[in-house]
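Peer 1: Position 17 of the sequence shown, counted from 1, bears residue number 17 in our numbering, the numbering being contiguous throughout.
I should point out that these hints are in silico values taken from the structure, not numbers from a laboratory. Don't take each hint at face value.
Said to hold, decoys possible - In silico DSSO-like pairs for lysine-lysine, Cα to Cα no more than 30 Å straight-line: (1) 36 - 55; (2) 36 - 106; (3) 55 - 31; (4) 11 - 79; (5) 106 - 31; (6) 55 - 106.
All figures in this text were calculated on a predicted structure; none of them were measured in a lab.
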Amino acid sequence: MRSIDAGPGMKIYFVLALAILLNAGANILIKIAMQKSPILIEQGTVFSSLLQAVKNPWLLLGVSCFGLALVAYSAVLSKINLSIAYPVMTGAGFLIVFIVSALYLKEQLTHQHIMGALLILAGVWLLAGRN
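Using the sequences and the hints, build the whole thing.
Peer 2: This is the structure we're talking about:
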């Protein structure tokens, strides 16, 4: 039986999807961190705010996801045009954050939000289909 090799082209799209999920996940985790333990920087308390941030596991996980997303996205940029990778990365990431914000974080969405998300989805689809 012959195996199907996806080739290097398909692998880079998997890495792009991973970068998108990590980036969106980082934003969501940092939002959760700030809901559980907001960091307030007031005059003269930068050190205590930094110490508070380092003790927040949700924040540390979010920052770690940003770092991993950067590594994955850098690999993507070595193979895909920036003019395609960046809009897909930001647009798809926006849509993930949009959905999680509504369903999990219970943020209110308006008809304008939904229409904007649909337009972004259409743009991502058009850009991704070009390559």
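Peer 1: Against this structure, judge whether each hint is valid.
Peer 2: Consistency of the hints with the structure:
With a C-alpha separation of about 12 Å, the suggested pairing of residue 36 with residue 55 holds against the 30 Å cut-off. For the proposed pair residue 36 and residue 106, the alpha carbon gap of about 15 Å is at most 30 Å, so the pair holds. In summary, the hint linking residue 55 to residue 31 is supported, as the alpha carbons are separated by about 16 Å, within the 30 Å threshold. For the hint pairing residue 11 with residue 79, the CA-to-CA distance comes to about 10 Å; that is within 30 Å, so the pair holds.
About 12 Å separates the Cα atoms of residue 106 and residue 31, which keeps this hinted pair within 30 Å; it holds. Distance check on the hinted pair: residue 55 and residue 106 sit about 26 Å apart at the alpha-carbon level, within 30 Å; holds.
The earlier numbered hints are all upheld by this structure, with none contradicted.
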